[in-house]
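**Student:** So you can see what is in the structure, the chains are spelled out below.
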Amino acid sequence: MLKIDNLHAIVDGKPILKGISLTLNPGEIHAVMGPNGSGKSTLSYVLAGRPGYEVTEGTVALDGEDLLALEPHERAAKGMFLGFQYPVEIPGVSNVQFLRTALNAQRRARGEVELSAGDFLRLAREQADALGIDMEMMKRAVNVGFSGGEKKRNEMVQLGIIDPRLAILDETDSGLDIDALRIVGQGINRIMRKPDKTVLLITHYQRLLDTVEPDFVHVLADGRIVRSGGSELALELEREGYGAVAA
Amino acid sequence: MTPDDASIRNRDAQEAADRSANYEWGFSSDIEQEFAPKGLNEDTVRFISAKKNEPEWMLEWRLKAYRAWLTMEEVSWAKLDIPTIDFQDAYYYAEPKAKEKLGSLDEVDPEILRVYEKLGIPIEEQKVLAGVEGARKVAVDAVFDSVSVATTFREELKKAGVIFLSISEAIREHPDLVRKYLGSVVPQRDNYFACLNSAVFSDGTFVYVPEGVRCPMELSTYFRINAENTGQFERTLIVADTGSYVSYLEGCTAPMRDENQLHAAVVELVALDDAEIKYSTVQNWYPGDAEGKGGIYNFVTKRAMCAGARSKVSWTQVETGSAITWKYPSCILKGESSVGEFYSVAVTNNRQQADTGTKMIHIGANSRSTIVSKGISAGKSNNTYRGLVRVNGAAENVRNFTQCDSLLLGSDCGAHTVPYIEVRNPSAQIEHEATTSKISDDQLFYAMSRGLSQEDAVALIVNGFAREVLKQLPMEFAVEAQKLLGISLEGSVG
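Chains as they are written, first to last, in the numbering used here: chain A, 1 to 247; chain B, 1 to 494.
Keep in mind the hints are simulated off the structure, nothing from the lab. Mixed in with the good hints, there may be bad ones.
[To be verified] Below, computed lysine-lysine pairings styled on PhoX-like, alpha-carbon distance capped at 25 Å: (1) K40/A x K151/A; (2) K438/B x K79/B; (3) K139/A x K483/B; (4) K483/B x K380/B; (5) K3/A x K194/A; (6) K380/B x K151/A; (7) K139/A x K471/B; (8) K380/B x K334/B; (9) K180/B x K334/B.
[Stated by the list, open to error] Simulated restraints, written as ranges between beta carbons of each label pair: (10) K293/B x R224/A: 51 to 57 Å; (11) R224/A x D81/B: 30 to 36 Å; (12) R108/A x E211/B: 51 to 57 Å; (13) D215/A x D442/B: 30 to 36 Å; (14) K139/A x A160/B: 35 to 41 Å; (15) R108/A x D442/B: 23 to 29 Å; (16) S411/B x R224/A: 35 to 41 Å; (17) V55/A x S440/B: 20 to 26 Å; (18) S437/B x G148/A: 19 to 25 Å; (19) V113/A x R214/B: 23 to 29 Å; (20) H416/B x G52/A: 28 to 34 Å; (21) V113/A x A160/B: 40 to 46 Å.
[Claimed, not checked] Computed footprint of chain B on chain A, listed as stretches where at least three residues anywhere in the stretch have a Cβ under 8 Å from a Cβ of chain B: (22) 28-35; (23) 74-86; (24) 102-112.
On a predicted model such as this, the values are computed, not experimentally measured, just so you know. Beta carbons are placed, not taken as given, at the ideal position from N, Cα and C, and that holds for glycine.
Construct the complete structure from the given sequences, taking the supplied hints into account.
**Tutor:** Written out as structure tokens, the structure is:
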């Protein structure tokens with residue numbers, strides 16, 4: 001599904017990614033772990049097309065198509081979703097309005113029929129219920145006045161509503177308590193653990209991986225993948241620390 | 001700036017240029033005009049009055065205004081760069097060539113109906129115009145190039161006792177009412193443009209809602225400037241008698257022209273005891289091209305007299321058009337416990353300039369006012385909120401709340417807030433809040449990563465910013481206004 005080949009990227013003129021290669025196939029969940037400053041968030045932003053994150057070398061192909069040539073919203077329409085580490089507030093725009101506009105923009109781009117207000121509300125209610133989120137919250141402005149945990153859960157509701165083929169989840173676990181972590185983890189499994197879907201899970205800690213078991217774990221250090229392995233690699237990291245494993 | 005940013009910027013600039021080369025509503029229709037001779041003198045005033053079959057008192061009123069205007073000077077205090085206007089190089093009267101007095105829409109020139117269609121008159125009103133049964137009733141008094149050519153629902157309004165006429169008709173049919181109130185809120189000499197309007201106003205709307213009547217439908221008028229070099233001088237007078245209610249909608253777009261067009265309207269509202277008037281405007285006159293060439297100059301005087309106890313006037317405006325906007329819908333809160341409200345969204349893009357706001361003059365005890373102003377600036381535009389809250393010495397327990405928020409798109413535009421507060425009674429409670437913010441790259445990227453194009457993302461964020469004001473609009477206008485905000489800001493972020 002996603003093929004990253006020798007990806008180099010700079011931010012503010014400073015090299016951050018220094019040659020990353022990864023192949024993510026349908027049905028796979030990949031975890032990328034690494035210490036602060038290793039380039040994890042940069043990787044997610046480059047893949048989603050954030051302005052200011054400049055690719056200097058290498059390629060990224062989504063189903064064989066040059067991903068880097070696409071605008072962020074075009075990538076979304078192709079089925080890519082980025083879960084934000086710090087979800088952004090949009091005052092005056094309700095979650096329902098935001099997501100319906102976004103989802104229908106994607107559907108239009110794919111030549112699909114737009115969802116009616118009623119159909120969309122049913123979908124939103126279903127997904128909110130599954131994550132234990134009150135519909136009242138869905139009517140509030142996007143992330144405005146939400147706690148850190150609520151924002152992260154809101155990202156998962158968005159994931160469920162948009163139902164992408166490829167999810168890049170950037171530290172979705174940070175700032176969550178144990179219960180919320182389990183709910184979010186179960187949400188990821190329910191929405192994304194499917195034969196035709198792929199997840200790139202970026203995380204600091206093993207915790208989330210107890211619920212969402214990855215098929216592959218990659219260790220990122222100084223802009224390069226220094227080790228790859230199965231889910232047991234995450235446990236080794238937890239035990240021995242990045243220093244030992246990445247050395 | 002990274003090279004990626006630069007290419008996005010260049011592409012957006014190109015797209016914006018292509019779009020404005022093709023202003024969505026920049027067409028002009030081809031209807032024979034009967035012009036007053038070019039230029040302005042007493043003969044022009046007499047010509048207009050004669051064309052309207054006006055009574056002698058009306059002509060005298062106009063001539064008095066014209067003579068006063070000659071002694072006045074253009075305003076210069078606004079934060080506007082106003083080019084010199086040659087008042088002799090314009091026509092002051094043009095009307096679609098009338099065949100005969102029209103009784104129904106069927107008789108309207110199909111060319112005019114096509115123009116309305118292109119304008120995208122809201123579907124509800126189209127249904128009403130087409131006579132669809134069960135359609136929500138909105139009376140449309142269509143002002144086409146200075147003359148009302150069609151009035152619908154006159155009968156139903158008549159049953160309720162509501163008078164809804166073009167001002168010319170009202171002058172002939174209800175001279176006492178017009179004479180009593182015309183110029184009572186905005187005196188002839190109030191300002192340069194109001195005075196000019198008093199001399200040469202060509203047409204407009206008159207509404208009278210009798211005592212205790214709740215107007216059975218929203219009243220709606222479409223203004224449209226159509227003749228090259230024709231200044232548009234509309235005159236609107238709305239009187240709500242004791243205990244009555246009326247909601248009035250005004251909306252407009254204009255065709256593309258190379259020469260600047262002057263628009264100087266006057267709107268007067270009078271609310272007696274316990275009466276309420278809701279006046280909503282969506283203004284989308286041609287703003288000029290990216291360099292500011294060809295846009296409308298909009299110098300409007302709108303003022304309400306809350307004359308009666310517990311009377312209420314609410315102004316809501318969405319201003320996206322015009323090259324220059326100079327407009328301060330105001331309330332004189334004379335009645336005890338009267339209420340004035342002003343909700344405004346003003347968008348400026350490219351080279352547009354807007355200096356707009358309100359005046360709340362508190363004279364009556366316990367009078368209250370609310371001001372919510374949302375200014376959105378993009379391109380190289382300048383957007384100023386200018387507002388006055390005045391509390392007279394005898395006005396006890398006055399309350400005012402003012403909120404002015406500015407949103408900036410890009411770094412070449414300006415937002416200015418100029419509040420004047422004059423309080424002469426210590427019991428007054430005046431609150432003023434102001435914020436200035438920018439659409440953040442974070443917000444844009446967040447929305448785009450969910451599938452919205454950059455322009456849709458900007459439109460969504462801006463609509464969120466303006467929500468408090470937009471929700472004041474009647475449904476007919478709210479949807480249109482939301483779209484308009486997006487269209488007005490296309491290509492403004494790069």
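**Student:** Against this structure, judge whether each hint is valid.
**Tutor:** Verification of the hints:
Between K40/A and K151/A, the direct Cα distance comes to roughly 20 Å. Compliance with the 25 Å bound is thereby established for this hinted pair. Pair hint K438/B plus K79/B holds up; C-alpha atoms about 21 Å apart against a cutoff of 25 Å. For the hint pairing K139/A with K483/B, the CA-to-CA distance comes to about 21 Å; that is within 25 Å, so the pair holds. With a C-alpha separation of about 22 Å, the suggested pairing of K483/B with K380/B holds against the 25 Å cut-off.
Taking the CA atoms of K3/A and K194/A, the gap is near 19 Å; set against the 25 Å cutoff, the hint holds. With a C-alpha separation of about 36 Å, the suggested pairing of K380/B with K151/A is violated against the 25 Å cut-off. Proposed proximity of K139/A and K471/B is supported: the alpha carbons are some 15 Å apart, at most 25 Å. Using a Cα cut-off of 25 Å, the hinted pair K380/B and K334/B is violated, with the two alpha carbons roughly 40 Å apart.
A threshold of 25 Å between alpha carbons decides the hint, and for K180/B with K334/B the separation of about 18 Å falls inside it, so the pair holds. Roughly 55 Å separates the CB atoms of K293/B and R224/A, a value that falls within the hinted 51 to 57 Å. In this structure the hint that R224/A and D81/B lie 30 to 36 Å apart at CB is violated, the actual value being about 56 Å. Taking 51 to 57 Å as the suggested C-beta distance range, the pair R108/A and E211/B conforms, at roughly 52 Å.
At about 32 Å, the CB distance of D215/A to D442/B agrees with the hint of 30 to 36 Å. At roughly 38 Å, the beta-carbon separation of K139/A and A160/B lies within the given 35 to 41 Å, and the hint holds. Taking 23 to 29 Å as the suggested C-beta distance range, the pair R108/A and D442/B conforms, at roughly 25 Å. S411/B and R224/A have their C-beta atoms about 37 Å apart, which keeps the hinted 35 to 41 Å range intact.
At roughly 23 Å, the beta carbons of V55/A and S440/B sit within the given window of 20 to 26 Å. Between S437/B and G148/A the Cβ separation comes to about 22 Å, which falls inside the hinted range of 19 to 25 Å. At roughly 42 Å, the beta-carbon separation of V113/A and R214/B lies outside the given 23 to 29 Å, and the hint is violated. Our hint of 28 to 34 Å for H416/B and G52/A holds, since their Cβ atoms are close to 30 Å apart.
Separation of V113/A from A160/B is about 44 Å and conforms to the stated range, judged on CB atoms against 40 to 46 Å. Counting residues of the stretch 28-35 of chain A whose beta carbon lies closer than 8 Å to any beta carbon of chain B gives 0, which falls below the threshold of three, so the coverage claim is violated. Only residues whose C-beta sits within less than 8 Å of a C-beta in chain B count toward coverage, and the stretch 74-86 of chain A has 6 of them, enough to reach three; the restraint holds. Proximity of the stretch 102-112 of chain A to chain B, defined as three or more residues with a beta carbon under 8 Å from a beta carbon of that chain, is established by the 5 residues found.
Of the numbered hints listed earlier, those contradicted by the structure are 6, 8, 11, 19, 22.
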